[in-house]
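Taking the hints into account, I'd like the entire structure generated from these sequences.
Just so we're aligned, residue 3 is where the sequence shown starts under our numbering, counting upward by one.
If you're looking for bench data, these hints aren't it; they were derived computationally from the structure.
Hints are supplied without guarantee of correctness; some may be wrong.
To be verified - As a list, the in silico BS3-like pairs of lysine-lysine whose alpha-carbon atoms are at most 27 Å apart: (1) Lys184 x Lys148; (2) Lys122 x Lys219; (3) Lys185 x Lys150; (4) Lys238 x Lys250.
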Amino acid sequence: MVNFVGAGCGAPDLITVRGARLLSEADVIIYAGSLINTELLKYAKKDCELFDSAFLNLDEIIEIIKKAENNNKMTVRLQTGDTSIYSALREQTERLDELNIPYEICAGVSSFCGAAAALKAEYTLPDMTQTVIITRIAGRTAVPEKEKISSLAAHNATMIIFLSAGLINEVMTELLSGGYDKKTPAAIVYKATWTDEKIFRCTLEKLAETAEENGIKKTALICVGDFLGNDYSLSKLYDKEFETEYRKVQK
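Have a look at this one:
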């Protein structure tokens, strides 16, 4: 059996209870060493075999899994954040399907959740935005033309931009050309939930300048939108005048 485990967004105690249990039971752990907090490996038992996937290609990862399966060993594939976002999950699971190797997936806490907690923010605010766009800018890895940041910016929704801190000038240009106002609130969250987490707040027009002044080139999320501002409406969720299935309005 192979268990794909989301390692969480950084802090070692932000892995799920299930994920921690699977790590403690694993005979083999293949971990994304360039991305996860290696403190998580303290959950592993003493005789567990550890492999850093930063130095491996897909074929090599699959060979390690095949060897473990042939020896009736349980493998944990430990990946950053949650496996549903920028994880290369599908190409791995399809190879396992071809080999008839069973697997399960354990959800993790994505860094965009960790960033919201660090910012003490809610991405969706009544009358401001009810949509969160998770994306990245094109770099060495392409992005479909229809998903260019400049096109997505037309919605003026909350936008969380992954894997783009090294191209922040281009990000800023596309956001502005796409329709965000230059005074739109923005934030750069470096290593959300890690012990060396840093948060830099600014307006969109100052985004690149802020990154340069603080030496931010990688391992950071770019957060943009009016959710970082002060204007919003109260929700209906706890409005005493709003009747729900569970709460009746007192006449």
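Now the hints, each set against the structure:
For the proposed pair lysine 184 and lysine 148, the alpha carbon gap of about 23 Å is at most 27 Å, so the pair holds. Simply put, lysine 122 and lysine 219 have alpha-carbon atoms about 23 Å apart, close enough for the 27 Å limit, and the pair holds. Between lysine 185 and lysine 150, the direct Cα distance comes to roughly 21 Å. Compliance with the 27 Å bound is thereby established for this hinted pair. For the proposed pair lysine 238 and lysine 250, the alpha carbon gap of about 13 Å is at most 27 Å, so the pair holds.
Of the numbered hints given earlier, the model fails none.
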